[in-house]
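Given next are the chains, with one letter for each unit.
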Amino acid sequence: MTSSIPWVSRLGQSVLVRRLLLAVGLLVLWHFAVVLLRIPPFLVPSPISVIQVLWQDLQNGALIAALTNTLRLLLMGVGLGLLGGIFLATLSILSTWGRDLLAILVSVFNPLPGVAILPLAMLWFGLTPTAIGFVVTYGALWPMAISIDTGFRTVNPTLLMLGRNLGLRGPRLVKDVMLPAALPHLLSGLKIAWAFGWRTIVAAELVFGVAGAQAGIGWYINQARYFLETPRVFSGLVMIALVGILAETLFNLIERWTIERWGMKR
Amino acid sequence: MLEKRYLVLEQVTIVYPGSPPFLAVKDVSFTVEKGERFVIIGPSGCGKTTVLKAIGGFLRPTRGSITLEGRSIQEPAPERPMVFQDFEQHFPWFTVLGNLVYTLKVTGKASGKEAVERARHFLALVGVEDAADKYPHQLSGGMKQRLALARALVLEPKLLLMDEPFGALDAILRTKLQRELMNLWYGLHFTLVLITHSIQEAVYLGHRVLVMSANPGAIKETIDVSQIEDMDTRDFAEVTAYLRHLLVEHREVAKEGKHDL
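Chains A and B supply the protein sequences, listed in that same order.
Residue 1 is where the first sequence starts when you use this note's numbering, and the numbers rise one by one after that.
Residue 1001 is where the second sequence starts when you use this note's numbering, and the numbers rise one by one after that.
Bear in mind the hints are in silico, worked out from the structure with no lab data behind them.
There's no promise every hint is true.
[What the hints assert, rightly or not] In silico DSBU-like links for lysine-lysine, alpha-carbon gap of 30 Å or less:
#1 B:1134 x A:265
#2 B:1053 x B:1026
#3 B:1113 x B:1158
#4 B:1053 x A:175
#5 B:1004 x B:1026
#6 B:1176 x B:1158
#7 B:1220 x B:1034
#8 B:1158 x A:175
#9 B:1105 x B:1134
#10 A:175 x B:1113
#11 B:1109 x A:175
#12 B:1105 x A:265
#13 B:1158 x B:1026
#14 A:191 x A:175
#15 B:1105 x A:175
#16 A:175 x A:265
#17 B:1134 x B:1109
#18 B:1053 x B:1109
#19 B:1134 x A:175
#20 A:191 x B:1134
Please construct the entire structure, taking both the sequences and the accompanying hints into account.
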């Protein structure tokens, strides 16, 4: 049986096809806008030259190396922020002193953006990856601590009683009951920390740059700007967007494997 | 005569701190025999849950003492597992089987293969063996309460505490689970302290029924119903009528007391 529905509407029924078509359409629009409006390529290159440079730098490894450096630093920073957040939230839930400590630290440092303390980090660590890692850790720590603390404080009291009933106390109760129960909050904190860290690290690399073997994606873009290689600037930006999309997908997968499977998604 | 004085509450008074402090339970004393099914009934706010939490070790009496086999109860312990009314009383990140296995492992009762075997045995005992690999959120309310019962029984408890375990179930399921609980008791002879606000449930499940009154929570009367189990008898009807009279009459007295203030 052949359907009487026209093929365009049939294609439109798939989300993937719809989005792919729209993306291609936008690229075509971009290309013709550049050509027809005679925009100089050093301001806005055509998508074709961007894709060429992107492909070239992916093959010679320059883009991958830059991306790896940035992501390694970001993962370390967010990881340390996560551990620090768990530590502070645990102190906070186990004692009133810890609770007040977290309240003070968060109220002072949370409004202070990571980039703002970058000059200080550079005074301490110089123009090194450590300085940028420090800033990312700092930026990840506070949203993580706040989310995990909220998660701990909103654990179903029945689950806590159940844990105590089984003989769990203190840190063991935190590890076995509160931490998994706070996973929805922890994951949303992680998303915030990631987004925050990603923006911070790119900005820090762009503005201050860390050259040499440790050069990241921000430095890659900045170098391209310096040599007026606008297609290369664009290809760096495309990579940043792609990593963002990939990270979003990864977080969604983690949620599906854990809190959705366990019926914990709020 | 230790068996007769298995669980002993002496002059237990519990005050919740605050301003003003709230006197939840006043001078409650009773003893429970080993292997007895002891039911506490009373109107909302009579402090019956507070008493049960104190027996569980979740809170300490302000005055008085609670002992099990002569030893003072200080904190919660796996030998005194509590079954809650709340359906969400399982770890959502473990499967049904995983919840029981974890319970056995974390309390040091069993490990490895033995833990899994014992867990399966108790799942079968309460009739949820088919759901072993499901997650708790996929179970119905009745299944969740059965699992809670299994989780308590797998610990081979000295004292099983149940806080209105069937209170959130529909009437048919409730009757069914009451019967299953009785069958389990005939097989295992655990000692049970159960709270309910259902008169029928109290008379059916209990050897003895303790009636509490509110403002403040205190003992009104203890009734022996160990000879009455068949719900369709005249005795059953008479005892439930008497209990209803006790509970309703008391509530009215409490209301009048409030008016005097």
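So, going through the hints one by one against the coordinates:
| no. | hint | result |
| --- | --- | --- |
| 1 | B:1134 x A:265 | holds (17 Å) |
| 2 | B:1053 x B:1026 | holds (15 Å) |
| 3 | B:1113 x B:1158 | holds (25 Å) |
| 4 | B:1053 x A:175 | holds (24 Å) |
| 5 | B:1004 x B:1026 | holds (24 Å) |
| 6 | B:1176 x B:1158 | holds (25 Å) |
| 7 | B:1220 x B:1034 | holds (23 Å) |
| 8 | B:1158 x A:175 | holds (28 Å) |
| 9 | B:1105 x B:1134 | holds (20 Å) |
| 10 | A:175 x B:1113 | holds (24 Å) |
| 11 | B:1109 x A:175 | holds (20 Å) |
| 12 | B:1105 x A:265 | holds (27 Å) |
| 13 | B:1158 x B:1026 | holds (26 Å) |
| 14 | A:191 x A:175 | holds (21 Å) |
| 15 | B:1105 x A:175 | holds (15 Å) |
| 16 | A:175 x A:265 | holds (20 Å) |
| 17 | B:1134 x B:1109 | holds (23 Å) |
| 18 | B:1053 x B:1109 | holds (24 Å) |
| 19 | B:1134 x A:175 | holds (23 Å) |
| 20 | A:191 x B:1134 | holds (29 Å) |
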